[in-house]
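Asks: Residue-level listing of the chains:
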Amino acid sequence: MSVNFGYTISLPRAVDLDRNDFSVALRVLRRLPELESCIGCGGCTATCTAGAFTEFNFRRVQTLVRRGEYGGAYREMNKCMLCGKCRLVCPRGINTRAVVMTIKRELGTGY
Amino acid sequence: MKNHKVIVVGGGAAGLQAAATLKELGVEPLIIEREMQTGGKVRRWHRLFPDFTSASEVLATLEKNAEGIETLCGVMVDSIDATGVTLAGGRHIKADAMVVATGFDLFRAELKEEYGYGIYDNVYTSADIEDMLNGDGVRLKDGSAPGRVAFLHCVGSRDEKVGQPHCSRLCCITAVKQAMELRESFPDAEIYNYYMDIRMFGAGYEEMYRSAQEDGEVRFVRGRISEASPTIDGRVQIKAEDTLLGRPVKMTVDMLVLAVGMTAAESNGRLGVGLQSGGFIAPRDLFTGAVYSPDAENIFYAGCATAPKNIGETLNEATAAAVKAAEFLLEK
Ligand SMILES: Cc1cc2nc3c(=O)[nH]c(=O)nc-3n(C[C@H](O)[C@H](O)[C@H](O)COP(=O)(O)OP(=O)(O)OC[C@H]3O[C@@H](n4cnc5c(N)ncnc54)[C@H](O)[C@@H]3O)c2cc1C
Ligand code: SF4
Ligand code: SF4
Ligand code: SF4
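These protein sequences, in sequence, are chains X and C. For the first sequence, position 10 (counting from the first letter as 1) is numbered 10 according to the numbering used here, and the numbering increases by one without interruption. Basically the numbering used here = 1-based index in the second sequence + 111.
Hint data in this document are derived by calculation from the structure and do not stem from the laboratory. Idealized CB from N, CA, C, for every residue including glycine. There's no promise every hint is true.
Derived Cβ-Cβ restraints for the label pairs, each shown as a range [claimed, not checked]: (1) Arg-30(X) with Arg-219(C): 34 to 40 Å; (2) Ser-37(X) with Arg-321(C): 37 to 43 Å; (3) Thr-54(X) with Ile-309(C): 28 to 34 Å; (4) Thr-399(C) with Asn-20(X): 32 to 38 Å; (5) Gly-71(X) with Asp-299(C): 45 to 51 Å; (6) Thr-63(X) with Pro-405(C): 38 to 44 Å; (7) Thr-363(C) with Gly-71(X): 34 to 40 Å; (8) Thr-363(C) with Gly-110(X): 42 to 48 Å.
Here are some chain X residues the structure puts well away from chain C; computed CB gaps all over 12 Å [to be verified]: (9) Arg-13; (10) Val-15; (11) Ser-23; (12) Leu-29; (13) Leu-32; (14) Gly-51; (15) Asn-78; (16) Arg-87; (17) Gly-110.
Construct the complete structure from the given sequences, taking the supplied hints into account.
Replies: Structure, rendered in structure tokens:
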């Protein structure tokens, strides 16, 4: 979540796929091509241990990363407890913990 | 021993239609059906999508057309080759051609343990709902009427975890049809359908979906239920993400209905014909060769043996397979 400095920086609402930088997304997907097979069913988020306590949403964060929207993604993925429950329910059999670790590694702590 | 012209393996919708067509073309077929009755899955259904035609009416027509055709019931075909079929037990029956119409198996919902089918009260499959509709109507375990029902789509389909990667095609429309039937029985009930994608491929299907939304007041939630747990009062608590809101949802329902998929018949593996990766029988190709076997020129395929299909598609394919089998005999 962004820090509130008392005034609002209104980010453009549209995800600009013309301008977004996909380099990190492509590196993540090269390591884990199966992530592209996500059907967005939300099973991971529904079962998520961290999601029960925070607003962390694995489906949403990894989808944003795949769209080249990296803002806050490292901090969000840091909330994951790596419990692996999401992998048990994922109908595509995606190695979700590897996704968390790879996104964090490729993005670095700046995000 | 008698040499049969054509053996039709399986007496479901496809087998009955293929046999009736062969008879019309002047070829006397023999139907071999492993159950004590012909009719296959259609015998279990109540009313059919997309227009609520009674399933027994359709079945009656199929059976009437196949009347008088020699049929062996309660007999399982174990394997098939170009010379004929071998029954369980080892007896071989010779034939000049075979139409394989062995259909599909219903996905066994107990394999998705997280939904508690067979363990918790008030978790049912779509096939159970058909049984109830054919019986005394839909009721909870204690005999009362449900006030809140959730349907879950894609149970045992599109799921790597249970080795069923394919879409069964008909469970979306079945869940929509049943949601409307429950609306008819229970005007005040809350009805939710949890889905990953809504796939309405057939004529009249999208219209039925829209009518369920608008007239049926069925609420569609885009998210897959990740788990279900029983409550002390015999209800079922479910968890999902409402992916359109991006937030987890939790709700307690009186009844959870699992829209089970159509899986490849388990017995396909023994038949001795080539299979697709998911276990359905492999036709020669998916365009001009859908009813032909790549294994032998006198083996033909019809219906859900090769892929999930609705009744209309099944019957058309059965007609085509029968015509091709009859042509084969003529050219022989
Ligand atoms: C819940 C549900 C609801 C449905 N509702 C509708 C609907 O409303 N409208 C619609 O158009 N479609 C509906 N369908 C689809 C419909 O059931 C199929 O299209 C139809 O049953 C296909 O017929 P079939 O003959 O190919 O297969 P089946 O119905 O599976 O018949 C196969 C037959 O072969 C027999 N058999 C199998 N193996 C052997 C063997 N080795 N030896 C001897 N006999 C064998 C079986 O016992 C069976 O009788 C529904 C499907 C499901 C799952
Ligand atoms: S591994 Fe992380 S994302 Fe997956 S369920 Fe556990 S906490 Fe949630
Ligand atoms: S459970 Fe798997 S397929 Fe479903 S949204 Fe999560 S990662 Fe994607
Ligand atoms: S038809 Fe619908 S419920 Fe059935 S597998 Fe396909 S998407 Fe899932």
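Asks: Could you run down the list of hints and mark each one as holding or not?
Replies: Right, here's what the structure says about each hint:
1. For Arg-30(X) and Arg-219(C), the hinted distance range of 34 to 40 Å is satisfied, since their beta carbons lie about 38 Å from each other.
2. For the hinted restraint 37 to 43 Å between Ser-37(X) and Arg-321(C), the CB-CB distance of approximately 30 Å leaves it violated.
3. Separation of Thr-54(X) from Ile-309(C) is about 31 Å and conforms to the stated range, judged on CB atoms against 28 to 34 Å.
4. In this structure the supplied range 32 to 38 Å is violated for Thr-399(C) paired with Asn-20(X), their Cβ-Cβ distance being about 44 Å.
5. Roughly 46 Å separates the CB atoms of Gly-71(X) and Asp-299(C), a value that falls within the hinted 45 to 51 Å.
6. About 41 Å separates the C-beta atoms of Thr-63(X) and Pro-405(C), a value consistent with the hinted range of 38 to 44 Å.
7. For the pair Thr-363(C) and Gly-71(X), the beta carbons lie near 37 Å from each other, so the given range of 34 to 40 Å is met.
8. One distance hint, 42 to 48 Å for the beta-carbon pair Thr-363(C) and Gly-110(X), holds here, with the actual separation near 43 Å.
9. With a least CB separation of 15 Å from chain C, Arg-13(X) remains clear of the 12 Å interface cut-off, as annotated.
10. For Val-15(X), the shortest C-beta to C-beta distance to chain C comes to about 14 Å, beyond the 12 Å cut-off, and the non-interface label holds.
11. Interface exclusion of Ser-23(X) from chain C stands, the closest Cβ pair being 26 Å apart, more than 12 Å.
12. Against the 12 Å criterion, Leu-29(X) stays outside the reach of chain C, whose nearest CB is about 18 Å from its own CB.
13. Against chain C, the non-interface label of Leu-32(X) holds: every CB pair exceeds 12 Å, the least being about 15 Å.
14. With a minimum CB-CB distance of about 6 Å to chain C, Gly-51(X) fails to clear the 12 Å threshold, and the non-interface call is violated.
15. At roughly 19 Å from the closest C-beta of chain C, the C-beta of Asn-78(X) stays outside 12 Å, upholding its exclusion from the interface.
16. Residue-level check failed: Arg-87(X) sits 10 Å from the nearest beta carbon of chain C, not beyond 12 Å.
17. Even its closest Cβ contact with chain C, about 24 Å, leaves Gly-110(X) beyond 12 Å, as expected for a residue assigned away from the interface.
In this structure, the earlier hints numbered 2, 4, 14, 16 are contradicted, and the remaining ones agree with it.
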